[in-house]
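S.K.: Heads up: the protein sequence lines correspond to chains A and B, in order.
Using this note's numbering, the letters of the first sequence correspond one by one to residues 52 to 461.
Using this note's numbering, the letters of the second sequence correspond one by one to residues 16 to 270.
Among the hints, erroneous ones may be present.
[To be verified] Restraint ranges, calculated between C-beta atoms of paired labels, are given here: (1) B/Y194 with A/G374: 18 to 24 Å; (2) A/R388 with B/S240: 35 to 41 Å; (3) B/G167 with A/H396: 46 to 52 Å.
[Said to hold, decoys possible] Counterexamples of contact, computed for chain A against chain B with all Cβ distances above 10 Å: (4) H79; (5) A135; (6) K166; (7) N168; (8) D199; (9) A202; (10) R252; (11) E264; (12) R291; (13) G329; (14) L428; (15) A435; (16) P444.
Source of the hints: derived by calculation from the structure; they are not laboratory data.
Treat the numbers as computed from the prediction; the structure is a model and nothing was measured.
Note that CB positions come from ideal geometry on N, CA and C, so glycine has one too.
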Amino acid sequence: MKAFLLVAVIFSCVCFSYARVIKADHAHSIQQAIQIANPFDTILVTKGVYKEGNLVVQKPIHFIGEDGATLDGENKYEIFTIHAQGGTIQNLIFRNTGIASINDLAAIKMLQSSKWNISKNIFENCFFGIYLANSSHCWIENNKLTSDAEAEHQIGNGIHLWKCERVTIQNNWVKGHRDGIYFEFVTNSIINGNHSEANMRYGLHFMFSHSNEYRNNEFINNGAGVAVMYTQKVKMIGNRFIHNWGSSAYGLLLKDIRDSEISGNDFKENSVGIFMEGSSRNHFSDNQFEANGYAVRLQASCDENKFERNNFKRNTFDMVTNGSLVLNQIKSNYWDRYDGYDLNHDAVGDVPYRPVSLYGTIVERMPAAVMLWHSFLVFLLDRAERAMPAITPENLKDDFPSMKPYAVAQ
Amino acid sequence: MTKIIRYVFYDLLRTRFVTAYTLFLWLITFALFQLDNDGGKVAVSLLNIVLMVVPMVSVVFTTIHFFNSYEFIELMLAQPLARRSIFLSEYLAVASSLCLAFLVGVGLPALVFSLGMVGMTLILTGVLLTCVFTSLAFLASVVTQDKARAIGIALLFWFFFSLIFDGLLLWVVYTFSDYPLEKVTLALIALNPVDLARIVLLLQMDISALMGYTGAFYQDFFGSSMGMIFSIAVLLLWAILPLAAALTRFLKKDL
Chain A
52 MKAFLLVAVI
62 FSCVCFSYAR
72 VIKADHAHSI
82 QQAIQIANPF
92 DTILVTKGVY
102 KEGNLVVQKP
112 IHFIGEDGAT
122 LDGENKYEIF
132 TIHAQGGTIQ
142 NLIFRNTGIA
152 SINDLAAIKM
162 LQSSKWNISK
172 NIFENCFFGI
182 YLANSSHCWI
192 ENNKLTSDAE
202 AEHQIGNGIH
212 LWKCERVTIQ
222 NNWVKGHRDG
232 IYFEFVTNSI
242 INGNHSEANM
252 RYGLHFMFSH
262 SNEYRNNEFI
272 NNGAGVAVMY
282 TQKVKMIGNR
292 FIHNWGSSAY
302 GLLLKDIRDS
312 EISGNDFKEN
322 SVGIFMEGSS
332 RNHFSDNQFE
342 ANGYAVRLQA
352 SCDENKFERN
362 NFKRNTFDMV
372 TNGSLVLNQI
382 KSNYWDRYDG
392 YDLNHDAVGD
402 VPYRPVSLYG
412 TIVERMPAAV
422 MLWHSFLVFL
432 LDRAERAMPA
442 ITPENLKDDF
452 PSMKPYAVAQ
Chain B
16 MTKIIRYVFY
26 DLLRTRFVTA
36 YTLFLWLITF
46 ALFQLDNDGG
56 KVAVSLLNIV
66 LMVVPMVSVV
76 FTTIHFFNSY
86 EFIELMLAQP
96 LARRSIFLSE
106 YLAVASSLCL
116 AFLVGVGLPA
126 LVFSLGMVGM
136 TLILTGVLLT
146 CVFTSLAFLA
156 SVVTQDKARA
166 IGIALLFWFF
176 FSLIFDGLLL
186 WVVYTFSDYP
196 LEKVTLALIA
206 LNPVDLARIV
216 LLLQMDISAL
226 MGYTGAFYQD
236 FFGSSMGMIF
246 SIAVLLLWAI
256 LPLAAALTRF
266 LKKDL
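Could you build the full structure based on these sequences and the hints that come with them?
M.R.: Here it is, written out as structure tokens:
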């Protein structure tokens, strides 16, 4: 009886032990390893190049790569297609996925999955890098995605999320994709410390993605900057929008964004710092706008937005708008063009500052007038208008302009 | 002819005015570079100098010089010399001395602080504008006998091209803003050397991205080598045509 019990215990241990480590190497393909693996086994991928086409994963597995473990899609296949709850993909190199115009081929595609950790992977020339659809509770960290595609239609997004929730995307590095980070219907997620550079279209692009938090990300030199739309309750804090330069590039384009907070960001050398349209009840504070073409293009369709304690330095135009109705509040900002005085030395200027220049208004109405830029006439007109506003919106003014720039965290 | 050019040229260099002008330009350029490390901002400030100061100094100085050397010209005309060569020598001497002042005053610092392509364009447009406005001033000087009136006409030229023309342009753009104006404005700009120089310079400065569709259209045109040749040719035409008009007038003029 005792012996029987012992055998039974040992047998059950062998059967249900889920901490097995299976090695994938040249003799044993990853495909085979996936087949024999039990849920929550670890597959250790040894160094080498694996050309195994599409790998379908339908059980939770931890994939861990040795340094130099490379999965090659031979420019034909999607590499991982995952449909499982829980697992890891770590330290692998993915390269050369297929390119298709009907299917979104990705290096890692996750469908209706949850609780995956994708970290420390390298993606080279993948069509889509990490693609999550209808998934939740995933952790995407320290990945590096690069691509050298030449045109927008040849390349997918770096990190692409559709209908996801509670995802953390942290410290990733994306370069040369269509959109660096793309969200549609993604909620309650955190996007922190990512670097998105030189993407064909947007560094960050999201729509219908409520209650997300973006912190300390960098968006540099993207084709059209960052565009976010139809979303509410977003927090964008401490991000850097740098050198998104071009006739259709924006540091940050806000379209129909509501109840959001945008603070402590650095907008530098963008052709337009913030372009906003149809956006309401947003709070912009402690941002730095430096050396942009237009710091803020505030369309008249925006209301109840608040601009407080921002620094405006060396921008060609501080603010322009396309109507005379002003429903937004602008106060206590620092404007480097402000030439008022402060008699009682409380560091608040005694006369209001009007950030919208006459010429800015003229250009907004008649784009062709832009060719008079830097002409003597424009200089005179601006001076005259500033002394006695007639055409620029009367109410668009900062009644308490700061005399000194704010120390904003960089 | 070279003899007269050389004589007038040295004579001009010896006057304090050209030296002062050189020094003034040099000081401003140098100060701008000292105050600001950002080459782009300096270029914008220099642009204002090139577009405002250079034409004004050119017209005023040339007109004054013409009337001051009126007796010298009369004396020359008493010699067996062609009127044409005397007049052209005067022009070349004045234009080259002003150009030299500009090159030393703005060109040298710009080269030393290496402004690159923008710097080269700045120097080129500055020199061309000097030639254009010198020639306009010669025209102003020969149409009238009176020095004060000539200075008035010359200043009017300057005022017209730097301010009034732009006002008219703005009016045209405003009135016809419903129509595609790019090509029309391009033609209108060619009618004003100051505007032409300004736009050629602005497009070099990487701020054309801000100029939207119009900017893209201009960039497309002026960015090509054809556009560059076109603008230089137009500016040269702006120097040659008034000079030719002045010359015909001078040849027939009863001095």
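S.K.: Take the hints in turn and mark each one as holding or not.
M.R.: Going down the list of hints, with the structure as the test:
1. B/Y194 with A/G374: 18 to 24 Å: The hinted range 18 to 24 Å holds for B/Y194 and A/G374, with Cβ atoms some 23 Å apart.
2. A/R388 with B/S240: 35 to 41 Å: Once the Cβ atoms are compared, 38 Å apart, the range 35 to 41 Å for B/S240 and A/R388 holds.
3. B/G167 with A/H396: 46 to 52 Å: 49 Å Cβ-Cβ, so the 46 to 52 Å window holds.
4. H79: The assertion about A/H79 holds, with a minimum of 55 Å to chain B.
5. A135: holds (47 Å)
6. K166: holds (45 Å)
7. N168: holds (41 Å)
8. D199: Correct as stated: the minimum Cβ-Cβ distance to chain B is 24 Å, above 10 Å.
9. A202: With a cut-off of 10 Å, A/A202 remains clear of chain B, as the shortest Cβ separation is near 19 Å.
10. R252: At roughly 16 Å from the nearest Cβ of chain B, A/R252 sits farther out than 10 Å, so the non-interface label holds.
11. E264: holds (31 Å)
12. R291: holds (19 Å)
13. G329: For A/G329, whose nearest Cβ neighbour in chain B is about 21 Å away, the distance exceeds 10 Å, so it holds.
14. L428: violated (4 Å)
15. A435: Nearest chain B Cβ is 13 Å from A/A435, so the label holds.
16. P444: Since the minimum Cβ distance to chain B is about 19 Å, A/P444 lies beyond 10 Å and the statement holds.
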